[in-house]
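> Listed in order, the protein sequences are those of chains A and B.
The opening position of the first sequence corresponds to residue 18 in my numbering, with each subsequent residue numbered one higher.
The opening position of the second sequence corresponds to residue 18 in my numbering, with each subsequent residue numbered one higher.
Some hints here could point you the wrong way.
Each pair may be met inside one copy or between any two copies, as identical chains are not told apart.
Said to hold, decoys possible - Keeping only pairs whose Cα atoms sit at most 30 Å apart, straight-line, the calculated BS3-like set for lysine-lysine is:
id: 1; residue 1: K161; residue 2: K48
id: 2; residue 1: K68; residue 2: K354
id: 3; residue 1: K234; residue 2: K20
id: 4; residue 1: K38; residue 2: K234
FYI, nobody ran anything at the bench for these hints, they're computed from the structure.
There are 2 protein chains.
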Amino acid sequence: MKKAINVGLIGFGTVGTGVVKLLHDNAELIKKRLGRNLVIKAIADIDTKRKRSVSLRDEQLTGDAAVILNDPDISIVIELMGGFEPAKSFIIEAMKNRKHVVTANKALLATHGNEIFRVADEEKVNIGFEASVGGTIPIIKTLKESLAANNIKSIWGIMNGTSNYILSKMTEENKPFHDVLREAQELGHAEADPTYDIEGIDTAHKLAIILALSYGKNVCLDDIYCEGISGINRQDIEFARELDYVVKLLAIEIQRDAQIEARIHPTMIPLDHILASVNGNYNAFHVVGDASDSVFLYGQGSGMMPTASAVVSDLIDISRDMEKGIWRRVPLRSYCKNEIDDIQLLPMEEVITNYYFRFSAVDRPGVLSKISGILGAHNISIASVIQKGRKTEGTVPIVMTTHRARESNVQKALDEINKLDMVQGRTVLIRIEDPRLT
Amino acid sequence: MKKAINVGLIGFGTVGTGVVKLLHDNAELIKKRLGRNLVIKAIADIDTKRKRSVSLRDEQLTGDAAVILNDPDISIVIELMGGFEPAKSFIIEAMKNRKHVVTANKALLATHGNEIFRVADEEKVNIGFEASVGGTIPIIKTLKESLAANNIKSIWGIMNGTSNYILSKMTEENKPFHDVLREAQELGHAEADPTYDIEGIDTAHKLAIILALSYGKNVCLDDIYCEGISGINRQDIEFARELDYVVKLLAIEIQRDAQIEARIHPTMIPLDHILASVNGNYNAFHVVGDASDSVFLYGQGSGMMPTASAVVSDLIDISRDMEKGIWRRVPLRSYCKNEIDDIQLLPMEEVITNYYFRFSAVDRPGVLSKISGILGAHNISIASVIQKGRKTEGTVPIVMTTHRARESNVQKALDEINKLDMVQGRTVLIRIEDPRLT
Numbered sequence: 018m019k020k021a022i023n024v025g026l027i028g029f030g031t032v033g034t035g036v037v038k039l040l041h042d043n044a045e046l047i048k049k050r051l052g053r054n055l056v057i058k059a060i061a062d063i064d065t066k067r068k069r070s071v072s073l074r075d076e077q078l079t080g081d082a083a084v085i086l087n088d089p090d091i092s093i094v095i096e097l098m099g100g101f102e103p104a105k106s107f108i109i110e111a112m113k114n115r116k117h118v119v120t121a122n123k124a125l126l127a128t129h130g131n132e133i134f135r136v137a138d139e140e141k142v143n144i145g146f147e148a149s150v151g152g153t154i155p156i157i158k159t160l161k162e163s164l165a166a167n168n169i170k171s172i173w174g175i176m177n178g179t180s181n182y183i184l185s186k187m188t189e190e191n192k193p194f195h196d197v198l199r200e201a202q203e204l205g206h207a208e209a210d211p212t213y214d215i216e217g218i219d220t221a222h223k224l225a226i227i228l229a230l231s232y233g234k235n236v237c238l239d240d241i242y243c244e245g246i247s248g249i250n251r252q253d254i255e256f257a258r259e260l261d262y263v264v265k266l267l268a269i270e271i272q273r274d275a276q277i278e279a280r281i282h283p284t285m286i287p288l289d290h291i292l293a294s295v296n297g298n299y300n301a302f303h304v305v306g307d308a309s310d311s312v313f314l315y316g317q318g319s320g321m322m323p324t325a326s327a328v329v330s331d332l333i334d335i336s337r338d339m340e341k342g343i344w345r346r347v348p349l350r351s352y353c354k355n356e357i358d359d360i361q362l363l364p365m366e367e368v369i370t371n372y373y374f375r376f377s378a379v380d381r382p383g384v385l386s387k388i389s390g391i392l393g394a395h396n397i398s399i400a401s402v403i404q405k406g407r408k409t410e411g412t413v414p415i416v417m418t419t420h421r422a423r424e425s426n427v428q429k430a431l432d433e434i435n436k437l438d439m440v441q442g443r444t445v446l447i448r449i450e451d452p453r454l455t
Numbered sequence: 018m019k020k021a022i023n024v025g026l027i028g029f030g031t032v033g034t035g036v037v038k039l040l041h042d043n044a045e046l047i048k049k050r051l052g053r054n055l056v057i058k059a060i061a062d063i064d065t066k067r068k069r070s071v072s073l074r075d076e077q078l079t080g081d082a083a084v085i086l087n088d089p090d091i092s093i094v095i096e097l098m099g100g101f102e103p104a105k106s107f108i109i110e111a112m113k114n115r116k117h118v119v120t121a122n123k124a125l126l127a128t129h130g131n132e133i134f135r136v137a138d139e140e141k142v143n144i145g146f147e148a149s150v151g152g153t154i155p156i157i158k159t160l161k162e163s164l165a166a167n168n169i170k171s172i173w174g175i176m177n178g179t180s181n182y183i184l185s186k187m188t189e190e191n192k193p194f195h196d197v198l199r200e201a202q203e204l205g206h207a208e209a210d211p212t213y214d215i216e217g218i219d220t221a222h223k224l225a226i227i228l229a230l231s232y233g234k235n236v237c238l239d240d241i242y243c244e245g246i247s248g249i250n251r252q253d254i255e256f257a258r259e260l261d262y263v264v265k266l267l268a269i270e271i272q273r274d275a276q277i278e279a280r281i282h283p284t285m286i287p288l289d290h291i292l293a294s295v296n297g298n299y300n301a302f303h304v305v306g307d308a309s310d311s312v313f314l315y316g317q318g319s320g321m322m323p324t325a326s327a328v329v330s331d332l333i334d335i336s337r338d339m340e341k342g343i344w345r346r347v348p349l350r351s352y353c354k355n356e357i358d359d360i361q362l363l364p365m366e367e368v369i370t371n372y373y374f375r376f377s378a379v380d381r382p383g384v385l386s387k388i389s390g391i392l393g394a395h396n397i398s399i400a401s402v403i404q405k406g407r408k409t410e411g412t413v414p415i416v417m418t419t420h421r422a423r424e425s426n427v428q429k430a431l432d433e434i435n436k437l438d439m440v441q442g443r444t445v446l447i448r449i450e451d452p453r454l455t
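With the rest of the complex left out, here is chain A:
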C-alpha cells in the first residue's frame, strides 16, 4: 500500500465538516479510485471548542493555521474559511510552501484571482476551485476540459440558491419579497445579512470566475453589470406568468465578436425553457458551445455534502496528478498562461435585448399614446401591451414588452417617461431573454 496523501483543512464550518465526514464515510471508495488513502492530518479553525456533526479520528484540531501551512507532510491545503483575509495570505503562504490548494472561496478568486493564479504558476502548484461555483455541479471541469474544443457562445446561469429560492417562493405562493426573505432567513435558506445573495454580488463573483475560464481572460469584477432581486414586485411576477414567462436572477455571458457581454439581473425567461423549471435552492447552467450546442447542468449549488463532494473531487484530481508525478495538467483558466489577456466587456449601454416595462400611469386619456410615442422616438418597438382597469393607489399598471432594443435607448426613453406628470413612481424594467434564440 502506498503512503497516504496528507491534507490540511483551514476552516471547520459547515462545508469543512462535510469534507471531513465525506473523507471518513467514503474512505474505502476513494482509496479504490485513487490507489491510496486521502487523509486529513490537521484542521485549523479559530473555534476549536464548538461541537460539529462529525467525530474526529486522528485529525489534529488547532487554532493556529501555521501548524498546517508549515507542516512538510501536508501536500494539499483546503481553504474553507471564506472572506479575503486571512484566507488570501494563508493560500499564498501554502503555495509558497509548495502545497496545492483547494478552495471554495469565490469572493477571493473573483477579486484576487489574477494574483493568486500567478503565484500558483510561479510556485508550480495547482489550485482546485470546483466548489466555488455551482456547488456540486461540475461546471468548472466541464468548461476547462469537457468543452475545451468549443468557443463558448453563451452561458445562462442560475448561480445563487438564495435568490432562486426567494423568486421560486414568490412565484409559487404569490407572496411579497420581504415576507419570503424573512421566511427564508428563518429556515436557514438566507443569511442574516442577505445583501451578497439578493443584490447579485455572490452571483457576480461566480460569473467573474466563469468568464475567466470561458475565454482565458483576466476579469475585473467591477466591470460586470449587476442588479439584484430586491426590487422585484409580486405584481411583475404575476404579469410575467400572464406573458408565459418566469422571473429568475440570471448571470449571462455572451460572446459578441471580440467583446463579451456579461451581466446579472432579474430576467424573464419563457416558461417552456428548461431553466424555468429550476426551482428552490438549485443552481443551473445552460452553456452553448459552437460545436457542443446546448449543454445543461443542474444540481445543488450549496449545502454541506454537495459542496463537500466538489471539494473532494478536487482533492482526488490533484492526488491523481501527484500519483503520476506531475503538479498540474490543465491550466488554471483552461488557457495556457501566456495566452491569458484582459477581457473586453461590451458596455452595458450597448446591450441589445428585449424588455418588459411596467408603468404606473394616471388613468387619463392619452397616456398610452404619450408613452408609446416616446418609446418610438427612441427606436423602441412594442411587442405587446397589457392594460387593465385595475387601479392601484390612483394609478393603473400599463405593461409593455418590446422587440429587440438597445439599452442606452431604453434608459433615455424611461428617463423621459418617468418625468411625465401622468406617470407616477419609477417605471419597472425587467429584461427578457430566451437562450435558444441568441
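Got chain A; can you put chain B on it based on the hints?
For chain B alone, coordinates are given in the frame of chain A:
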C-alpha cells in the same frame, strides 16, 4: 512552438467529418488551450471518393487503415467506423503499437470492453470514450472525476435520441408509433433499420458502459434487462397524461446494497420531474450521489458537431497527459485496475417498483373484482383505477396503477389475468418511477 500532436482518424462518416471540421475551425482556440497544435495526419475510410462537407488540408485520405496503425508519428488513433470488426482489431493493433485511442463505439465497448481495457492497461495507453455515451454531455468525465468521491446511488438516463424523439412526437401530436417512426426515418432521426434504437439495445450498450464506470466493474451486457418502445400505444400515452405522467425510455441503475439494479424499459415519470421536460433528440442523465445529491446533465446525444465536441475533448485530454509526459492519470473505469471485479446484478424478478396496467376487458359485471382479486392474492396493492365507458373492439380499457410491488408477483398475476375469458389480448405493463423517491 512545440511539435504538433499527430492524430489518425479511422472512419470518415458524419462524426468523423465533424471532428475534421472542428479541428480546422477551432485550431487556434485548441492551440491556446493545449500549447501545441492537434493535427489530423491521415484519415482512413473504405470510401475515399465520397464528397464530405469539409475540405481536407494536409490530411492524407487512404483506404488502408494500416497506413495509420503503422505510422510512428501518429500518437492518437480515433476510431469512428463503428461495429465490431474490423474496429476491434484496429483498436487493439493501435494500442499494441503504443497509440492512444479515442472511440465513440459503444457497441464494441459494451461487448468487448473488458478485453479492450485490459490491453490498454498492458500497453500503457489511454482510451477516451466520452462520445460513446450521451454525445456531447460530459457524463463519462463527470462519473470518473467530478463525482469520484461519491457512491453512485442511482442513475436515470434518457440515452437514445431516436426513441426519445419518437415518444415525444407521439405525446405531442397524439400519433401512433408506426406513423411517427416513418416520419422520423424520413427526417433522418431514425435509421432505415431502427431495431437497435427502438428495442433499447443501443441504450443497453450505453448503460453497460455507465455501470462499469459507476462501480468499477466488469459488466456483462446480456445480464441487463432490456425492453424497447415498439409496443407503446398512444392510448397508454394518453392515460399517462391523465395520471400526470409522461412515458420515456429510461435506463436505470440503482445501488441495492451489494447488488445493482440495471434495467431499460418504457417508464412513466411524473410530469413535474425535470426528465419529463427532455424532449426530441436530447439525452439526459439524472445522477444521484450519496454526497452530491442529484446532478442533472442534458444535451445533444448525437449529431455531427456535438459528438465531435466530445471526441475532441478526449483528444485534448490525452494530449494534456502527453504534454506532461504521462500516459494516463484516471483509471479507465475510474477504479484502480486491481479493484475491478464482476458486477452483481439484482435479478429482474426481484425488482420492486410501481406499475401501470391496462387490461382489455369484456364489459361485463364482475371483471374488476376478478382482476383486483388476483392482484390482491399476489400481494399487489392498487393505487388508482380508471374505468371509462369507451369501448374499443368489444372491450373496455381498465387502467390500474399499483403501490410498490415485486416484479415476480406482477408477472405471475398478469399470467393468470391474461388467461381469463373476460380479458382479451395481452395486458399492457409500464413501470412507474420517480427518481426523487428512490
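> Now tell me, hint by hint, if it's right for this structure.
Status of each hint after checking the structure:
1. Proximity of K161 and K48 under a CA criterion of 30 Å is satisfied in both settings, with 26 Å inside one chain copy and 14 Å between copies.
2. For the homomeric pair K68 and K354, neither the shortest alpha-carbon distance inside one copy (43 Å) nor that between copies (40 Å) is at most 30 Å.
3. In this homomeric assembly, K234 and K20 come within 30 Å of each other (Cα to Cα) only across copies, at 25 Å, whereas the closest approach inside a single copy is 38 Å.
4. Within a single copy, K38 and K234 get their C-alpha atoms only as close as 36 Å, which misses the 30 Å cut-off; across copies the closest is 26 Å, which meets it.
Hint 2 from the list above is the single one not met by this structure.
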